[in-house]
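Protein chains: 4
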Amino acid sequence: MRKMYEVLIVGGGIIGHSIAYSLSKRGISVLVLEKGQINEKSSSAAAGMLAVQAEMKKGGPLFELGRKSRNMFPALQAELKERTNIDIQLIQHGMLTVARTKEEKETIQGMIPFQKAAGEEVSWLSPDEVVEVEPSITRNTFGGMYAAKDGQVEAPKLSKAFAKAAYSLGTHVKEYTEVINLITDKGKCVGVETESERIYSDKVILTTGAWTKRLLQTTDFPLHVYPVKGECLSVTTKEPLLEKTVFTDGCYIVPKSSGRYIIGATMIPNTFDERVSVSGVSSLLDQAIALIPKLKNAHWEKVWSGIRPQTTDGKPYIGNHPSLKGLFVASGHYRNGILLSPITGEIMADIIEGKNIDQNVEALSLQRQLKEASGVEPTY
Amino acid sequence: MRKMYEVLIVGGGIIGHSIAYSLSKRGISVLVLEKGQINEKSSSAAAGMLAVQAEMKKGGPLFELGRKSRNMFPALQAELKERTNIDIQLIQHGMLTVARTKEEKETIQGMIPFQKAAGEEVSWLSPDEVVEVEPSITRNTFGGMYAAKDGQVEAPKLSKAFAKAAYSLGTHVKEYTEVINLITDKGKCVGVETESERIYSDKVILTTGAWTKRLLQTTDFPLHVYPVKGECLSVTTKEPLLEKTVFTDGCYIVPKSSGRYIIGATMIPNTFDERVSVSGVSSLLDQAIALIPKLKNAHWEKVWSGIRPQTTDGKPYIGNHPSLKGLFVASGHYRNGILLSPITGEIMADIIEGKNIDQNVEALSLQRQLKEASGVEPTY
Amino acid sequence: MRKMYEVLIVGGGIIGHSIAYSLSKRGISVLVLEKGQINEKSSSAAAGMLAVQAEMKKGGPLFELGRKSRNMFPALQAELKERTNIDIQLIQHGMLTVARTKEEKETIQGMIPFQKAAGEEVSWLSPDEVVEVEPSITRNTFGGMYAAKDGQVEAPKLSKAFAKAAYSLGTHVKEYTEVINLITDKGKCVGVETESERIYSDKVILTTGAWTKRLLQTTDFPLHVYPVKGECLSVTTKEPLLEKTVFTDGCYIVPKSSGRYIIGATMIPNTFDERVSVSGVSSLLDQAIALIPKLKNAHWEKVWSGIRPQTTDGKPYIGNHPSLKGLFVASGHYRNGILLSPITGEIMADIIEGKNIDQNVEALSLQRQLKEASGVEPTY
Amino acid sequence: MRKMYEVLIVGGGIIGHSIAYSLSKRGISVLVLEKGQINEKSSSAAAGMLAVQAEMKKGGPLFELGRKSRNMFPALQAELKERTNIDIQLIQHGMLTVARTKEEKETIQGMIPFQKAAGEEVSWLSPDEVVEVEPSITRNTFGGMYAAKDGQVEAPKLSKAFAKAAYSLGTHVKEYTEVINLITDKGKCVGVETESERIYSDKVILTTGAWTKRLLQTTDFPLHVYPVKGECLSVTTKEPLLEKTVFTDGCYIVPKSSGRYIIGATMIPNTFDERVSVSGVSSLLDQAIALIPKLKNAHWEKVWSGIRPQTTDGKPYIGNHPSLKGLFVASGHYRNGILLSPITGEIMADIIEGKNIDQNVEALSLQRQLKEASGVEPTY
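Protein chains in written order, with UniProt numbering: chain A, 1 to 380; chain B, 1 to 380; chain C, 1 to 380; chain D, 1 to 380.
Within a straight-line C-alpha distance of at most 25 Å, the following computed BS3-like cross-link-like pairs (lysine-lysine) qualify:
1) Lys256(C) x Lys302(D)
2) Lys174(D) x Lys256(A)
3) Lys302(C) x Lys157(B)
4) Lys238(C) x Lys302(D)
5) Lys157(D) x Lys238(D)
6) Lys213(A) x Lys35(C)
7) Lys81(C) x Lys157(B)
8) Lys81(B) x Lys149(C)
9) Lys238(C) x Lys35(B)
10) Lys213(B) x Lys174(D)
11) Lys157(D) x Lys256(A)
12) Lys157(C) x Lys238(B)
13) Lys81(B) x Lys81(C)
14) Lys294(B) x Lys302(A)
15) Lys68(C) x Lys25(C)
16) Lys296(C) x Lys174(B)
17) Lys256(C) x Lys174(B)
18) Lys325(A) x Lys35(A)
19) Lys58(A) x Lys102(A)
20) Lys186(D) x Lys213(D)
21) Lys213(B) x Lys35(B)
22) Lys58(B) x Lys149(B)
23) Lys35(D) x Lys174(B)
24) Lys302(C) x Lys35(B)
25) Lys81(B) x Lys256(B)
26) Lys302(A) x Lys302(D)
27) Lys294(D) x Lys302(C)
28) Lys296(C) x Lys302(D)
29) Lys157(D) x Lys157(A)
30) Lys68(D) x Lys355(D)
31) Lys238(A) x Lys302(B)
32) Lys294(B) x Lys174(C)
33) Lys157(B) x Lys157(C)
34) Lys294(A) x Lys302(B)
35) Lys35(C) x Lys302(B)
No lab work stands behind these hints, which were simulated from the structure alone.
Same shape as in the complex, but just chain A (with noise of 0.2 Å):
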């Protein structure tokens, strides 16, 4: 029973990835195990939006760490392109969430509050105001909110640039290697059962995305971590649209290098269905129009899909298995996989060395589902 690692993560996404770095920057080895190809799923399908205001609707620990993690990234952009000569092209615009409604104004507007009592810069643009800042939104909307430090990177750079580094400091990867089972001693998780062989370990981290259920089922103590796919689709333009990301309830246009629009996404739950749906496009395609008349004149690029996990209260789960001792998770991000990335690879660090985690994390821990289970109700 020869343990190579200290550390094995099972799934070798965004999350998986991101943990990998933080670890090996602290010395610990690990090896990522990955079923397909690495960063293949929703690590590489989503627009890149690091959008604290327009995705968190209320205060709380899901807030703070989304604020903290979304400014990590300027610092992180440099240390990836230092380690990696990958440039994740961070873009830090700003973000419009439109009202095109009198009911989306209220909603929008009853966020601004918290906001700015945690600190951010957000102000409410009226119609004429929103047209100001960005000239091909349509007169006819009900004025927007903009947050001016939200911004957006490209996924599929990022996650290929966590990967990257953290290869460089020792990490290694086995693609194309279906964990099948834990495996188990006296209540302690010790390793994991792949198609092929058996390795061991103290520590096993679960970031398997929307594909966590299979392996927590055999533990006592299964989440409810549940798919929702996410279509997008992308369109080109030489005249230039837009320069901030625009969000709504059911859209988001993200402006992206070289004349590129990514429109997206839609939210279609318990399916493992990567193929994108005629309604789905014709409702993205519809409301972005809506939005961005001008769209029209852009040429068609290609659709796409991504299969992301999603939790009960919305929140993701991060910390150690409430009963199997050895097992931790990290999965449940939903649409906030990207800007979560460098804070959930810290706070996994800290948890696997030990260290003492602060209250938001806590909020995060799988034992919350106890709680809600009893009646006590989640914190946001």
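Based on these hints, arrange chains B, C and D on the given structure of chain A.
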């Protein structure tokens, strides 16, 4: 000035190869010159409808030739399968031309008499009858015309089969060989010049589709053949949606094998830009979903376009050049290239052999452009 | 515990669909569960050889079943065309197994007697005769065996046709649905568990190819089915090169329609990694060019691979599970999946219906693994 | 005869856009006309080597311009990143030109003196030193020349960055717009004719690469610019293989980011056929594996080709047309298009502005063709 081939065909699309096939069956030696790869432009972009009734709004020579060409397909299918082992997948389940407005109803009903007079099996269906025949169609129509004999083929396979059949009979082809000039001698076309050589022959046929203008401009009789982009998309679904092709003024839906549906086609004149526009996709989707609501549940496949050659009076040019002896043209087939390909091959082979041609073919002659200019009304 | 289907088939590849087709022809209700998309793994990666003589080095049950299955293809082609309008493109121009060394010559000649005894039309050709039959083959061979009855089909089309035919007869399918556990009750398999539901049925058939081990490991009778990657490449050429399939020990060349040639296949055991190796491409190219020097002039098309299921004794497992009632397996077809697909469907349908099975089928039973373990020599 | 632009550039590849960039920095208005999509031909097919030492076998004007252009890259990288946010990924880890035979050793060693004389850092390495510097290279070499300053960029990114920078400075572009004729008036080129319009300007620059011959043939001074196809392939590997570019007479290996290696390039003259030949792939693989045996373990990625413009004396043509005033040419860069792109932009902008040009540039003038014809020896 060695002449190795009796006929040079400039343009390796479906029209060029259909002519090559007809000529080589008659023992005439042919060289096809193609500037890119064969069959890569609109010949392979077509949805493959054989829509005599739907596409031709009045009787006349083009309608007669269309019917004749359509009726050649059953024998052609057997012949090409025998010669090439390629199945062109002829399906003759009929076509439904659906009226979405009162105006469309009147237009379509106006097309019935001349078709019946010509012996076509066409009938008018009430909105309820339309749904009876194709239950996936919306109840909100003004009825439709059912043409029992119309059908479809797999356009890329038909294009490939014509080419393979011609080659098996001795036709030669040079790909990636652009003709940059016609060689003339004493008012006669005696060959062509490519980037690298001069090739001589007594007869040169231009089957250059939307790219016909450039070579003709140096003659004293340029034709107005102009490009019209047609954009298409395809979707797939397990649940069978349609058996017959459904046609409207701005959108058609062609059921292909294995649950694949082609939705086409926009008409964007005067562009060679093959990129698909967002407005095109959006418009096709809106119309198709309005007609067949269940299309929403289908899976997205892809988008593409074809650059189709159109003429001023909507009829192709098939005939000899009015002033440059030895030069022939078969171009301008617009949306009828697949339908008219078999008969175009036969007509041009007759012309090359100096056979008498009938009145209908006369109406497609290049000379008609002179008459048009002089105010004589063209006959469709 | 509602049972909606008489039979559940886990695995939507060619074997699963062939069985579904046979069962549904007999009026038995079937649900196919596929973890990704149907037919996307080795079923569509195969070159489609029907190579009884080339692949089976000695007589015995597998050879007999191979012959029987091959002889089913002409009728199957007509039947599937009728039911699905898909042409599986059966070609029976024979196969040449070429000897490149004296040792290969001896091995191949040693295969002739048992084949002749079985009534196969096989003959030995001298090096000159080889070139006479296929003039593109190098003169530098030690001759070859010609098997007149062997042939080929278009593997992706056959896979699609089995599926479409089964569906048209009432078989249902769920894609992107991974089975994560068998449900057992009192020593009986009574259904399967997916990520999202439990599905009950009295009969469960595993047609999971190289991915069979995981589900069986929880039973007390795991089978050793292991993956062997086969890498292929394809080229195209206008000039016809071959009519018959050419086979050697490390490389075969299969002429497909329209001037396309498939060159395969490497055998790399114990990997699920679908990426193609540089060494694989290099080795296939070297061998193929040595055999058919004119291949050098062909155009490159693409490379791909398939993960094939192999067993310890080289024979597939087709039969009931020795200890878990209600569970059946059809896996381990290795390089004979296309060839054996028709007969596997019929055999498994017989087993499900409780019909007597013959001695040849007996030899493929799962029970033989016990005998092997106890030292009894397996019969090929 | 309205002239909207001071300069028309025919050809939207890297040379056209580099010139457009230089001109627009100087406040000159430019329209780029591209027959297909910008940068889709050899500009994006190149491996991106900046190989002054490896590609230029003797001193002289081309060598001097090559050095000068290469030395422009560090500043250019910063400038383009600033203007476009595109990172051209300049790497200057040096280049190893490896001798595989005694003859190659002599040839390469013969190149060292003139380079040292020019101030280049080049040195000769013994076979052992070669392996010390790049341990993956075979021990079976005759040594190699190490050029410390040579490097590489990401060619598609450089092409895109030139275009985006030019557009941001006001350059306009029309894609899918083929120029079918030059418009001349009294011995002067005054514009161009496309399929759909006439565009007038006092200055027209042809940057049409291998497609330059057609437009020039109608002038009284056609240039012999001919196509040479270069075929490439790429592989990926987790294990780092090389840091420096490795170059030999028939094959080079360029290490790109994230474990990707480009292996190039064949030289097949006088074809516009972009398809990759089996012989090309086979020859590149054989040579590359002989040099770097561990390449066998890499994963296959893809193959592609570029059609490069070559001239009789191996030097590009950069200058004004000898007899047709207002017409300029920058073409024939062959394998040095990426390397020479920055300086070509500056040279042509100087010529357009009527600035004095130096002796090295003089040597690339179109007039030299006259001298060649009259027996005067060209200077490299």
